[in-house]
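Asks: Chain Z: place on chain Y using the hints.
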Amino acid sequence: MTMTHAPGAKRHSPPPAWRKPVLMGAPLVLLLVAFLVFPVGQLLALSVYNGQGFTLAPYAQLFASSLYITVLWITLKISLATTVVAVVAAYPVAYLISIAKGPAKSRLIFWVLLSFWTSFLVRAFAWVVILGRNGVVNSTLMSLGIIDTPADLLYGFGAVLVGMVHAMLPLAVMTMLAVMENIDRTLPRAAGTLGAKPGTAFWTVYFPLSLPGVAAAAIMVFVSAIGFFIVPALLGGRKETMITQLIIDQVQQTLNWGLAGAISVLLLTVVLVVFVLYDRVFGFASLTGESAAVRNRDTAMRRLGGRVLAALGSASDALIGLVPRRHPLRGRSERPVALTAFVWLLLVLISLPAFLMIPLSFGKGGLAWPPSGFTLQWYQQLLDSPIWMQALWRSIVVAFGTGLLSMAIGVPAAFLMVRSQMRGKGAMLAFILSPIVVPRMIIAVGMFYVFAQMGLVGTILGLVIGHTVVAVPYVVMTMMAVLRNYDTRLDLAAQSLGARPVAALRHVTFPILGAGMLSSFLFAFATSFDELTISLFSSGGLSATLPKQFWDEVTLQVSPVIAAVSTGLLLFVAALIYVADRLRRRSLAG
Amino acid sequence: MSSSSLSVQGLAKHYGDFVALAPTDLVVADGEFLTLLGPSGSGKTTLLSLLAGLVPPDEGSVRIGSQDVTYAPPYERDIGVVFQNYALFPHMTIEENIAFPLKMRKVGATEAKRRALEALEMVHLPQIAGRYPRELSGGQQQRVALARCMVYKPSIILMDEPLGALDKKLREHMQLEIKRLHRELGTTVVYVTHDQEEAMTMSDRICLMNAGRIEQLGTPADLYFRPRSLFVADFLGESNILPAALRSRSGDEVEIGLGTQGVSGRALANGNDLPPGSEVRVMVRPQNLTVARKGGSVPDGIQGRVSEVMVTGSLTKVYMEPLDGKLPPLVAAFPTRNEDDAVRIDDVLTLSWSGRDAVVIADSARAAGTA
Chain Y
1 MTMTHAPGAK RHSPPPAWRK PVLMGAPLVL LLVAFLVFPV GQLLALSVYN GQGFTLAPYA
61 QLFASSLYIT VLWITLKISL ATTVVAVVAA YPVAYLISIA KGPAKSRLIF WVLLSFWTSF
121 LVRAFAWVVI LGRNGVVNST LMSLGIIDTP ADLLYGFGAV LVGMVHAMLP LAVMTMLAVM
181 ENIDRTLPRA AGTLGAKPGT AFWTVYFPLS LPGVAAAAIM VFVSAIGFFI VPALLGGRKE
241 TMITQLIIDQ VQQTLNWGLA GAISVLLLTV VLVVFVLYDR VFGFASLTGE SAAVRNRDTA
301 MRRLGGRVLA ALGSASDALI GLVPRRHPLR GRSERPVALT AFVWLLLVLI SLPAFLMIPL
361 SFGKGGLAWP PSGFTLQWYQ QLLDSPIWMQ ALWRSIVVAF GTGLLSMAIG VPAAFLMVRS
421 QMRGKGAMLA FILSPIVVPR MIIAVGMFYV FAQMGLVGTI LGLVIGHTVV AVPYVVMTMM
481 AVLRNYDTRL DLAAQSLGAR PVAALRHVTF PILGAGMLSS FLFAFATSFD ELTISLFSSG
541 GLSATLPKQF WDEVTLQVSP VIAAVSTGLL LFVAALIYVA DRLRRRSLAG
Chain Z
1 MSSSSLSVQG LAKHYGDFVA LAPTDLVVAD GEFLTLLGPS GSGKTTLLSL LAGLVPPDEG
61 SVRIGSQDVT YAPPYERDIG VVFQNYALFP HMTIEENIAF PLKMRKVGAT EAKRRALEAL
121 EMVHLPQIAG RYPRELSGGQ QQRVALARCM VYKPSIILMD EPLGALDKKL REHMQLEIKR
181 LHRELGTTVV YVTHDQEEAM TMSDRICLMN AGRIEQLGTP ADLYFRPRSL FVADFLGESN
241 ILPAALRSRS GDEVEIGLGT QGVSGRALAN GNDLPPGSEV RVMVRPQNLT VARKGGSVPD
301 GIQGRVSEVM VTGSLTKVYM EPLDGKLPPL VAAFPTRNED DAVRIDDVLT LSWSGRDAVV
361 IADSARAAGT A
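If you read the sequences in order, they're chains Y and Z. Taking this note's numbering, the leading residue of the first sequence gets 1, the next gets one more, and so forth. Taking this note's numbering, the leading residue of the second sequence gets 1, the next gets one more, and so forth.
Derived from the structure by calculation, the hints contain no laboratory data. By construction, the Cβ of each residue, glycine as well, lies at the ideal position given by its N, Cα and C atoms. Please note: incorrect hints may appear among the correct ones.
[To be verified] Derived, one-sided and incomplete: chain Y residues facing chain Z with beta-carbon distance under 7 Å: (1) Leu161; (2) Gly498; (3) Ala499; (4) Arg500; (5) Ile512.
[Unchecked claim] Derived coverage of chain Z by chain Y (criterion: at least 3 residues anywhere in the stretch with Cβ under 8 Å from a Cβ of chain Y; other residues may be distant): (6) 70 to 76; (7) 91 to 101.
[As the list claims (entries may be wrong)] A few chain Z positions that, by computed beta-carbon distances, are all more than 12 Å from chain Y: (8) Ser49; (9) Val81; (10) Gln84; (11) Gln140; (12) Leu166; (13) Gln196; (14) Arg249; (15) Val263; (16) Val306; (17) Leu323.
Pulled out of the complex, with its shape left as it was, chain Z reads as follows:
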């Protein structure tokens, strides 16, 4: 990654005793769409503010291209920021808002007007140039904020929960819109959100943060299927986490034993090289569990009693209490079908999975950034 457009080394920020960001390293490649994901207070907005130069760091450095910009003010960084509530200037028309960064760059008035209108075309809002921000809907304001940020073609665009204030439908629409603009312009984007679905949909890579640290950095599939910690497994989507004993290892797969009855199963080692006999945890996603009726042809699996059945639309979720009391409650999900033999409460079912759908999570395996 030699052409990295943005890199951070040992960057840290404290507010009194509160560690907003522990020393952090991060490299964002040119043209990449990287999402900072995490619960509130996890440090993602702090990291973004440090990148934008909105707050000064306590230690560490920030580079854009080959320039050290650690203490450079925002107006010298050639970045674009899309703020959570858009921060459109209320006393300027939409056109004046979009032309503002060009004016600050001493672009002539006619040229600025032309480019502002062009930017409005790009976000499909050519007809609103003369209006004021408060006369627009939330979605329109959001697009204007994007246009204002893109009009001067910054090398990096930082977005702080830009879709947080929109309703679900509009949010999904704008996600596609932002992806399209990212593709067309090829700009590096650092995107902050606490919405894991949004992060999965949009990102080349996700940087999952927790308590001021990077918990795991990787592609959406990495984080979803190969979480390195319980936090990651739990934060992204629903998961079943089972205590297990490591029995043997073959290649990147391991054999595990579950519960008191010694039910055995297989799982991906997930980079863990623990010796046989170790206590580990195994994660299986609900949709990767296969459900079979008792007495069926499934030889090995966890038997459990159905405690709740929920139809959530496209998926049906089945909550189960394993008969083996040592195992925690489990949830399985499968596509909803219009069937007569639907699962009912108090049915006893057998759950199983294919070996590559379960992964081992060692408690100690705190992920360091894989940059």
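Next comes chain Y alone, as it looks inside the complex:
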């Protein structure tokens, strides 16, 4: 049989294999190199280079007094305490969400998300109002006659811990949930059929499987906490100063870039050590929630752990056995009533502080509790204030810009991460996600230094770029999750039916991914809208964003307008989550 080319037959040759991955990944990698690696590198270099040559003077200054080491120690102490409390409190919440179904699950997630997305500033400031001398707690206790004079609840370790845990709890829940959702729910039941009582089944089967989620939540909370400054600045006293506050001081007040660099090195070293330890114990795979790789090593630690879990199991079985049950089999409800009640109590506590701002914003008495009278004057002041209105407008523009830019460079990168078989994918993903784990303060200060040289300080473009660097990892992560659930055969089907790649994207891929892409966009939007650290420096003195304006206001002079702004932000976030959820449902239904 002979084969001849028909006249005019098209001869195709394979396209070069490297072209597509480079086009898809390069924009994001270039952005991160230019506005993450370079600025952070510059800042770190400043600690050993003073313009003339090599120097170790900043380090001499750093270790000359015990101040910096003490602050580092306090920072670690607060972060560790926050991590422990937040993770322990978040576990039952995440567990309940993972076993809940239908509307109950949506409701639970809504309240966690509401806290998650409500500005850190609003939530931290709410505690000032609650714990202050004329705050909710003191006035309630005094009106009940329990105390005569207001107690000093604010400006101490307790206040900082409460504020930090409150700030970090939603993050811990969301991180743990990612792992718990993937645990096969039939496994504890299988343990039950094999003879394990409920307590034993939980501690010896479910809990070990959920450990990677606990570990992931712990490290996310710890790393976030260690770079946090809002809560200690608003709720802490002199003794609760954290290390990032020192960096702010060095940059904004003493302009000592070398020392700022040296402190950053110190902070970064601590974070790196924590990560290395984490990788040794759990492995980084557990962070992405992808595979809870269980390491099968029969070490003494493992055996000890097994025994502890077995003991915990027997103990809880004994406790469960103490509870009298009228109908041993029939009376058993599928819904864990006590757990549900506990979790809702926790969620109410989490949500309450921000909601307290609503009555205050309509009250005549300012920020003192209880609110008295009704007035709209704070809203009137807010609307009449050109500073607030400009800040609001600037924040919206920057957030939109950040959303669009993050999607434009993050979506192709997510496609690349999920679909391609290229080498070095793991390393690239780690690089893309690195803005999450490098303390935000270090990025912000380094960026400020570089932006100043480029004339980007105080510009919309500078803020969009800065916010995109910190928002794009979230876009890539959420898009990767969306893409993993997407059946790629639909694309192949479209192509086999005659659709060219662009038509397949337009008619099939994007419409189906629409809801997921929208939520990624909103993620980036909300990240930028609430971003304070980068804006603190890079917005310049005059062109503040909403969070920057909020920060200036609460650190310089406290006015009830803040309550009005907080209420507005809360409603805005609630509306955003509601709309996103509705869109998601409609896309599933339609």
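Replies: Relative to the frame of chain Y, chain Z by itself:
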């Protein structure tokens, strides 16, 4: 086969060290129904994906008609693919799904609608045009996938285990349906399945694959009655494989000796030209074995003790241990009858066959494609 609509030469695909498809030649005739059959991992889906252009090959070429389409993207091949899980677009109605390929071909909206509804008539589902895929049953989704594939009359339709997700009854019904549509439209079909019964029922020819190679290519009867390798004999239906010595040859038949007691029998040479004295294997299908009671009028046969009797509905299967320990256990099958003298465990029976029902399989005879 000069009007072949699809031909493949030296086509190969590797994933790292794993050979998904060794260099393969295959020609599919115009209007033919060819089935790629094989266990999972045998390369049948890889071959189909290469034909569809869903993955690029490492070497070799694919031609459709006279066009070289080796590296052409799927949308330039004029093929239709029916995917295993149908791949219906969840965000489009059934009508929009079926009209999609027409829209991609710039067919006007009214004409596309008319043809989509026509295609739905063809698969007997005219009333569901406005529904969404998830509102349909598995069998309905399967028909919609067929309609979407046929509506633009591609010259070749590729189907990847299209009935795998359906239950047995529905699967048999859809097999008939696909055969009917194939007859009516006269399209070339390449069909992938791991179900040997399905392959036997539907195909003009079967291409049996194993470990990335074509094991044997031929009509269902070729593969069933004249397997060229042990793998083929074993994969298609139940079989008895007996070690034997070749004694003599006459025409296309040979005389063989079985076991230590020198029981003799006859078998088809099956294209083997081994010299007398060679060690060979002989395959007999269970339903081709005749069972007789000891002391009956059967002069030559294998004596064995019944170890198990199974009534599988229309057939009764009798498992036997030959008295000659050198021979492997055998199974015979015959239509179930309502009789009193039924075979019981521990009965001693004699098995025999007619010469043309047994075939010689030489171990070395690895089949090359007979295209």
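Asks: Does each hint hold? Answer for all of them.
Replies: We went through each hint and held it up to the structure:
1. Leu161: violated, 48 Å
2. Gly498: holds, 4 Å
3. Ala499: Holds: closest Cβ of chain Z sits about 5 Å from Ala499 (chain Y), inside 7 Å.
4. Arg500: holds, 5 Å
5. Ile512: holds, 5 Å
6. 70 to 76: Coverage by chain Y holds for the stretch 70 to 76 of chain Z (7 residues, Cβ < 8 Å).
7. 91 to 101: holds (count 3)
8. Ser49: Contrary to the label, Ser49 (chain Z) does not stay out of reach of chain Y, its closest Cβ about 9 Å off (not over 12 Å).
9. Val81: Answer for Val81 (chain Z): violated, closest chain Y Cβ roughly 4 Å.
10. Gln84: For Gln84 (chain Z), whose nearest Cβ neighbour in chain Y is about 8 Å away, the distance does not exceed 12 Å, so it is violated.
11. Gln140: Answer for Gln140 (chain Z): holds, closest chain Y Cβ roughly 17 Å.
12. Leu166: The claim stands: Leu166 (chain Z) keeps its Cβ more than 12 Å from every Cβ of chain Y (closest is about 18 Å).
13. Gln196: holds, 25 Å
14. Arg249: Fine: 33 Å to the nearest Cβ keeps Arg249 (chain Z) off the interface.
15. Val263: holds, 46 Å
16. Val306: Val306 (chain Z) is indeed farther than 12 Å from all Cβ atoms of chain Y, at 40 Å.
17. Leu323: holds, 47 Å
In summary, the structure is inconsistent with hints 1, 8, 9, 10 from the numbered list given earlier, while agreeing with the others.
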